[in-house]
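Line by line, the protein sequences are chains A and B.
Residue 108 in our numbering is what sits at position 75 of the first sequence, and the numbering runs on without skipping anything.
Residue 426 in our numbering is what sits at position 68 of the second sequence, and the numbering runs on without skipping anything.
Derived from the structure by calculation, the hints contain no laboratory data.
Incorrect hints may have been included.
With a Cα cut of at most 27 Å, we get these calculated DSS-like pairs of lysine-lysine [unchecked claim]:
hint, chain 1, residue 1, chain 2, residue 2
1, B, Lys400, A, Lys35
2, B, Lys436, A, Lys75
3, A, Lys112, B, Lys436
4, B, Lys400, A, Lys78
5, A, Lys78, A, Lys112
6, B, Lys415, A, Lys35
7, B, Lys400, A, Lys142
8, B, Lys400, B, Lys441
9, A, Lys75, B, Lys415
10, B, Lys436, B, Lys400
11, B, Lys415, A, Lys78
12, A, Lys142, B, Lys436
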Amino acid sequence: RKEVEQDPGPFNVPEGATVAFNCTYSNSASQSFFWYRQDCRKEPKLLMSVYSSGNEDGRFTAQLNRASQYISLLIRDSKLSDSATYLCVVNPLTGGGNKLTFGTGTQLKVEL
Amino acid sequence: EPEVTQTPSHQVTQMGQEVILRCVPISNHLYFYWYRQILGQKVEFLVSFYNNEISEKSEIFDDQFSVERPDGSNFTLKIRSTKLEDSAMYFCASRQEADVGEAFFGQGTRLTVV
Numbered sequence: 034r035k036e037v038e039q040d041p042g043p044f045n046v047p048e049g050a051t052v053a054f055n056c057t058y059s060n061s062a063s064q065s066f067f068w069y070r071q072d073c074r075k076e077p078k079l080l081m082s083v084y085s086s087g088n089e090d091g092r093f094t095a096q097l098n099r100a101s102q103y104i105s106l107l108i109r110d111s112k113l114s115d116s117a118t119y120l121c122v123v124n125p126l127t128g129g130g131n132k133l134t135f136g137t138g139t140q141l142k143v144e145l
Numbered sequence: 359e360p361e362v363t364q365t366p367s368h369q370v371t372q373m374g375q376e377v378i379l380r381c382v383p384i385s386n387h388l389y390f391y392w393y394r395q396i397l398g399q400k401v402e403f404l405v406s407f408y409n410n411e412i413s414e415k416s417e418i419f420d421d422q423f424s425v426e427r428p429d430g431s432n433f434t435l436k437i438r439s440t441k442l443e444d445s446a447m448y449f450c451a452s453r454q455e456a457d458v459g460e461a462f463f464g465q466g467t468r469l470t471v472v
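Next up, chain B with everything else stripped away, as it sits in the complex:
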């Protein structure tokens, strides 16, 4: 069964450092997403990406965050200067169609900012 893969599974970084979280979505999917989940809290939408551009972003997704799909397969989330409150599980998801149909989630990257 096709799956979304994320690397690394766990990243520890010092406050102020840049991190890049990587995702390989399912190959024939067109819509890509990043979500985050702070421990014990709900899954929160960060950003959606379609046709090589951001289609929607949340208030969480400020200037410190960026996404790109540089080579047509990898989909990355960059946090420029990490804060303690960025510590969370980050999930990448992809979807074949908008509006309907399942979104498939990767196993997540646990980001710990110290």
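Extracted from the complex, chain A is given alone in its bound form:
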């Protein structure tokens, strides 16, 4: 099983649509979770951290289910500018380095 698994997409949605991305992770001892956004040929940028209680930031809602080792991201009222690749990122409990492990990313294309 891959450390962090995502549906690569692409998801092609009309402007205004609601879209949901899912992610599963294999290391049950993982400590922190993030969604990053990556535009074409650019660096990853933090979209939001994911907390056990679930959290919302404007049109974006992230949820974590530790029992199922599952993370989700919901984007409401999607805009053209949301077109990007969304990266599920997990911080496994490893010795010392606390590296971030990336999923392959889910590509979103928002269309008129």
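With chain A's structure known, arrange chain B on it following the hints.
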């Protein structure tokens, strides 16, 4: 807003040559990382660095790779003898705390080995 800066933005080198990629992490951060992304593929962890030593490295980070932080500000990645398959975008990242908190990424160095 503080940012991670990387130089150069693009480097073309001949196979077998040595390259040094440079990064200036955010000043009060303690944890430093190098990642790479081959075109069309996922972001892959190379190495993490804390307290002036490597804390973790991946299988990719073999004897051809090394990192150092010579002067307390720059954080460098050296590839001793580049191969064609080293062609990728290399991202430096830094983080204030381990375990939690955002990792900030530099804009990357695109390395092309010919």
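Hints, one by one, checked against the model:
1. B/Lys400 / A/Lys35: The given pair, whose Cα atoms are some 12 Å apart, holds under the 27 Å limit.
2. B/Lys436 / A/Lys75: holds, 22 Å
3. A/Lys112 / B/Lys436: Given that 27 Å is the threshold and the Cα spacing comes to 41 Å, the pair is violated.
4. B/Lys400 / A/Lys78: Between lysine 400 of chain B and lysine 78 of chain A the Cα gap is close to 14 Å, so the pair holds against 27 Å.
5. A/Lys78 / A/Lys112: holds, 18 Å
6. B/Lys415 / A/Lys35: holds, 18 Å
7. B/Lys400 / A/Lys142: Holds. Lysine 400 of chain B to lysine 142 of chain A sits at ~18 Å (cutoff 27 Å).
8. B/Lys400 / B/Lys441: The given pair, whose Cα atoms are some 19 Å apart, holds under the 27 Å limit.
9. A/Lys75 / B/Lys415: Cα-Cα ~24 Å, so holds.
10. B/Lys436 / B/Lys400: holds, 21 Å
11. B/Lys415 / A/Lys78: With Cα atoms ~22 Å apart, lysine 415 of chain B and lysine 78 of chain A stay inside 27 Å; holds.
12. A/Lys142 / B/Lys436: violated, 37 Å
Checked against the numbered hints given earlier, this structure breaks hints 3 and 12; the rest are met.
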